[in-house]
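Asker: Chain by chain, the residues:
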Amino acid sequence: MKQIEAVIKPFKLEEVKKALGDIGIVGMTVSEVRGFGRQKGHKEQYRGAEYTIEFIPKIKIEVVISDQDEEKVVGAIIAAARTNTIGDGKIFVRNIDNAIRIRTGETGEAAL
Amino acid sequence: MAPAPSDLLTEFASLYRSKREEIRSLHTAGVSGHRIVESLSDLTDFIIIKAAPLISPVPLRAWGGTLVAIGGYGRRELSPASDIDLMFLTSVGRMKEAKAFAAGLLCLLWDLGLKVGHSLRSIDDCVKTARHDTIIATSMLEARYLAGDRDLFHHFYETFFSKIVSKNLQVFLQKVNSNKEDVGPYLSEPNIKTSPGGLRDIHRMKWVALPRYRTNSLSKLYQLGRLTTLEYQGLTEARNFLWRIRNELHFRNTDDQLTTERQEEIAAFTHFESRREFMRHYYRMAGTIADVTSSFIRVATPKTPWQRFVARFQKKRIDPDFYLSQDALFPSVSNLDQFFEQDENLLRLFLVAKDHKKIIHSSVMEVLQQLKVYSGEAPALSPQSGEIFRRLLSKPGGITATLRIMHQTRVLWRIIPEFSRIDCLMQESRSHFFTTDEHTFRAISAAEQLLHEPGPIGKIYAEIQRKDILHLALLLHDIGKGQGEDHSAYGAAVANAVSHRLGYVEEECTLLTFLVHQHLLFSEVAFYRDFTNEPILLTFARAVGRPETLKMLLVLTCSDIQAVAPGMLTSWKEEMLLKLYDEALVILSGEGMETTGIEIIRSRLHEASRGKYPEVWHADVARALNPRYLAVTPLEKIKGDISALFRLLTEPIQVVARYDDDRKTTEYTLYTIDVPGLFLTMTGVLAARGLSILGAQVFTHDNGMVVDTFSVEDPNTHGPPPPKWIEAISQDMKRVLGGVETIEALFKKGQRYPHGAARAGTSLPAQVEVDNESSHLFTIIDIFAPDLSGLLYKIAKILFDLGLSVHSAKISTRLDQIVDVFYVQGPSLVKITDPEEIQKIKSRLTEAIELAVRSVAA
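Just so you know, the protein sequences line up as chains A and B, in that order.
Oh and the first sequence: position 15 is 15 in the numbering used here, straight run, nothing missing.
Oh and the second sequence: position 608 is 608 in the numbering used here, straight run, nothing missing.
Certain hints may be false.
[Stated by the list, open to error] Listed below are the simulated DSSO-like cross-link pairs for lysine-lysine, each with C-alpha atoms no more than 27 Å apart in a straight line:
| no. | chain 1 | residue 1 | chain 2 | residue 2 |
| --- | --- | --- | --- | --- |
| 1 | B | Lys612 | B | Lys579 |
| 2 | B | Lys115 | B | Lys96 |
| 3 | A | Lys60 | A | Lys18 |
| 4 | A | Lys18 | B | Lys579 |
| 5 | B | Lys372 | B | Lys354 |
| 6 | B | Lys612 | B | Lys573 |
| 7 | B | Lys639 | B | Lys612 |
| 8 | B | Lys128 | B | Lys175 |
| 9 | B | Lys167 | B | Lys128 |
| 10 | B | Lys96 | A | Lys17 |
| 11 | B | Lys357 | B | Lys303 |
| 12 | B | Lys303 | B | Lys372 |
| 13 | B | Lys96 | A | Lys18 |
| 14 | B | Lys840 | A | Lys90 |
| 15 | B | Lys664 | B | Lys794 |
| 16 | B | Lys797 | B | Lys840 |
| 17 | B | Lys840 | A | Lys60 |
| 18 | A | Lys60 | B | Lys167 |
| 19 | A | Lys90 | B | Lys579 |
| 20 | B | Lys358 | B | Lys175 |
| 21 | A | Lys60 | A | Lys17 |
| 22 | B | Lys579 | A | Lys17 |
| 23 | B | Lys167 | B | Lys115 |
| 24 | B | Lys579 | B | Lys664 |
Hints were generated in silico from the structure; no laboratory data involved.
Treat the numbers as computed from the prediction; the structure is a model and nothing was measured.
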């Protein structure tokens, strides 16, 4: 199993959610995060003391999928989240040892 | 031969089960919740007192103590899955025997399938534990004798009562009523027992009633006159309803949480048409419990001598028609019914209560409850009534509390009949925590609380001039819920009707309707659209139109989100909303920097210019520079501007040109001292030369010095303009301003007349907005128009003809349209406030732009 973690621009969430839904991925965890990558050098117009640290609001999506879906899922996220401008985000892929559905105790891919 | 204990055990167990089943079928058949909880308690009594001793290994006599029921069991109220709280009360020397007896009895009860919680205490233990633990103290308060030594029980109860309860009644009652949750009864998934408006509220009331009036029975309290008929009936009905739900939940082996799924099931069980209707009934019941119990507790809590002393002197008149009695508001008339026939009096009661931060006297509230103020229709409102209601909404502090009471007494429905439709209306969305009406009140309260918020949103709220309109928009924003697909559109129609009813002028009605209709626009754009993308940002700014509207919409959005559920408005969301706000504000006002930033620029400027100019002159100029100018102008340009301003001492009009190689545009900056028509002259001179103005920043500084920067495109040349052209423009300016030449003459001189060629698609209609709220000194005019060359001159001409002086301006070309922001004053250097005058400005400008567009199309 793989965990796909994608950090994207906030307004792309709905499109990415739909793209994943279209290829059969329904469960995901979404969080409001802040951060910066190369966009740091890009001058954002922040005003007032509250915004002196230039962390930029982003959305983080996490999904856990079976190994063979990796390419499909990554492809779908890229296609949906890309705007070809700086700050489009990043995708990280991790190996997952196990998954357990708490209600039934099912494990492995059956729990996804 | 007597049957063996094990046979008896089996027999009792099956007896207990079959009796429970009998009670369950009574419950299913519809017997009242009250009867069910009593029957279950009585069945338990029978098992503990009569059956168990027959097979108990240690007889009660051998111990000599007392069996006491406490908590809910003590009240004779057991739901099917409630804990049975049993206390083994023993004398000090009999502890060992007590343990032996308790061990025997408890095993038996567990074998029989009873859920027993137990404690073993001497009278001293009881007093000690109760002193430290209020929950245990309240459970003992409800102690009921079951079996054993009756004298020991009486001795215990007297000791407990005198040492814990009566000794310091005030402290005891305070403890009982502390740690109440402050979330109100209108939760999406309430807990039948512990949520506000749940059974726990009634328990609390009983804990107060028992020490105060020596009874905790509702019917006795009613007989004693401590509850009114209305309160008694309401409370009894609500309690029965909650018990019925709770019993059903327990028979289904679940806990007291009324989750969405369970709401569905219980709605079917209780024969409600839908989950929504079931929950609506639940909220009404919970609301009754919360109101009646809290008012009961407030009245029953004894006053300190000081409070009594103060109250005696507080019977005073605070208004010709109202006085205070025991700190509560009372109209000074003999016939309340007659008094309240006038809407003005009805509304004034609430306004006076709000302004003086007083509650309305309970006897007045009772009259209000009985009055048929709401008939389902919308009676005509007098202008005075409208005004009182608008005043009620204008000053933050107590607005929400007042509106809640008006809602409860239905006075609010008389003003806004549509509000009755969202009364106790469950929300369809799962993220919503509260009913629609509760969400609405929470949203207004969230806005009111911004007043004490030091952050950026608090500041923006403080700047809003017409808070009454903002609060009314919040009150109406979800009024379309439950009316089909588009609740915003439905709400807008209601808002339009309500605003006219309340006597707002046309412009205010339009604003209110816009806010309600577009209450989701801000979050839609901030969270789901890429507003770093110019067209999206521009469309948004255009839709909002004015800085003041932008401020209102931001606060409306934040308050709305915050009222969905606790913790919903995260700092992340605030940041996204503020980012959009900042970007849009730059378009709508040309501003966008906080005072601290401006001060930093001023001090940097001071450093850089030290020694170049006379100190006094430089200090004067630095102080006079327009904050907006400092915020938007690059430091290098400011330095250059200051040097040019210094030369004004010898040369009163100066024009400087600078070519921007990247953009292929030339920047003309005019430095002079303010005279009427300056802006018109500059746009005229540039237009007469055939130059298209792409953007402009126009500033009049506090000392009258003018720095006008125009960014232009010259169709005649590529590259920097030759010095003689700059000189010619400078000469034109001087001649026109000196009265030697007119602009018309310049145009006629064979030079190009602005023929109005469109540079790109011109599909969007012109839009002109006037904002008098965002600046103290100036009226702000926002103009959105198609990008036509020469148009700016025409606009400048109209502003001049209308007698408006342009103090500062920001002209920008964005995509296929221009966005112009003018800070203007009328002939006597004040804001333009006359509605007719404003209308004239809007229509003259709109007509002129449309005429220009048509002439291009033709």
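Asker: With reference to the structure, classify each hint as holding or not holding.
Answerer: How the hints compare with the structure:
Note on Lys612 (chain B) and Lys579 (chain B): the hinted pairing is violated, with a Cα-Cα distance of about 39 Å set against a maximum of 27 Å. For the suggested pair Lys115 (chain B) and Lys96 (chain B), the alpha carbons sit about 24 Å apart, so the restraint of at most 27 Å is met. The suggested pairing of Lys60 (chain A) with Lys18 (chain A) holds, with an alpha-carbon distance near 15 Å, which does not exceed 27 Å. A hinted pair counts as satisfied when its Cα atoms are at most 27 Å apart, and Lys18 (chain A) with Lys579 (chain B) qualifies at roughly 26 Å.
A threshold of 27 Å between alpha carbons decides the hint, and for Lys372 (chain B) with Lys354 (chain B) the separation of about 23 Å falls inside it, so the pair holds. Proximity of Lys612 (chain B) to Lys573 (chain B) is assessed by CA-CA distance (about 48 Å); at most 27 Å being required, the pair is judged violated. Taken as a hint, the Lys639 (chain B) and Lys612 (chain B) pair is honoured in the structure, with Cα atoms around 11 Å apart against an allowance of 27 Å. Straight-line distance between C-alpha atoms of Lys128 (chain B) and Lys175 (chain B) comes to about 16 Å, which keeps the hinted pair within the 27 Å bound.
Proximity of Lys167 (chain B) to Lys128 (chain B) is assessed by CA-CA distance (about 14 Å); at most 27 Å being required, the pair is judged to hold. The hinted pair formed by Lys96 (chain B) and Lys17 (chain A) fails the criterion: a straight-line CA distance of about 67 Å is larger than 27 Å. The hinted pair formed by Lys357 (chain B) and Lys303 (chain B) meets the criterion: a straight-line CA distance of about 20 Å does not exceed 27 Å. The hinted pair formed by Lys303 (chain B) and Lys372 (chain B) fails the criterion: a straight-line CA distance of about 34 Å is larger than 27 Å.
Distance check on the hinted pair: Lys96 (chain B) and Lys18 (chain A) sit about 70 Å apart at the alpha-carbon level, beyond 27 Å; violated. Among the hinted pairs, Lys840 (chain B) with Lys90 (chain A) is inconsistent with the structure: their alpha-carbon atoms are about 54 Å apart, more than 27 Å. For a cut-off of 27 Å, the pair hint linking Lys664 (chain B) to Lys794 (chain B) stands: about 25 Å separates their Cα positions. A distance of roughly 15 Å separates the Cα atoms of Lys797 (chain B) and Lys840 (chain B); the hinted pair therefore holds under the 27 Å criterion.
At most 27 Å may separate the alpha-carbon atoms for a hinted pair to count; Lys840 (chain B) and Lys60 (chain A) exceed this at roughly 52 Å. Restraint check: the Cα-Cα separation between Lys60 (chain A) and Lys167 (chain B) comes to about 59 Å, which exceeds 27 Å; the hinted pair is violated. Taking the CA atoms of Lys90 (chain A) and Lys579 (chain B), the gap is near 22 Å; set against the 27 Å cutoff, the hint holds. Taking the CA atoms of Lys358 (chain B) and Lys175 (chain B), the gap is near 25 Å; set against the 27 Å cutoff, the hint holds.
For the suggested pair Lys60 (chain A) and Lys17 (chain A), the alpha carbons sit about 12 Å apart, so the restraint of at most 27 Å is met. Of the supplied pair hints, the one linking Lys579 (chain B) and Lys17 (chain A) holds, its CA atoms being roughly 24 Å apart against a limit of 27 Å. Using a Cα cut-off of 27 Å, the hinted pair Lys167 (chain B) and Lys115 (chain B) is violated, with the two alpha carbons roughly 34 Å apart. For a cut-off of 27 Å, the pair hint linking Lys579 (chain B) to Lys664 (chain B) is broken: about 31 Å separates their Cα positions.
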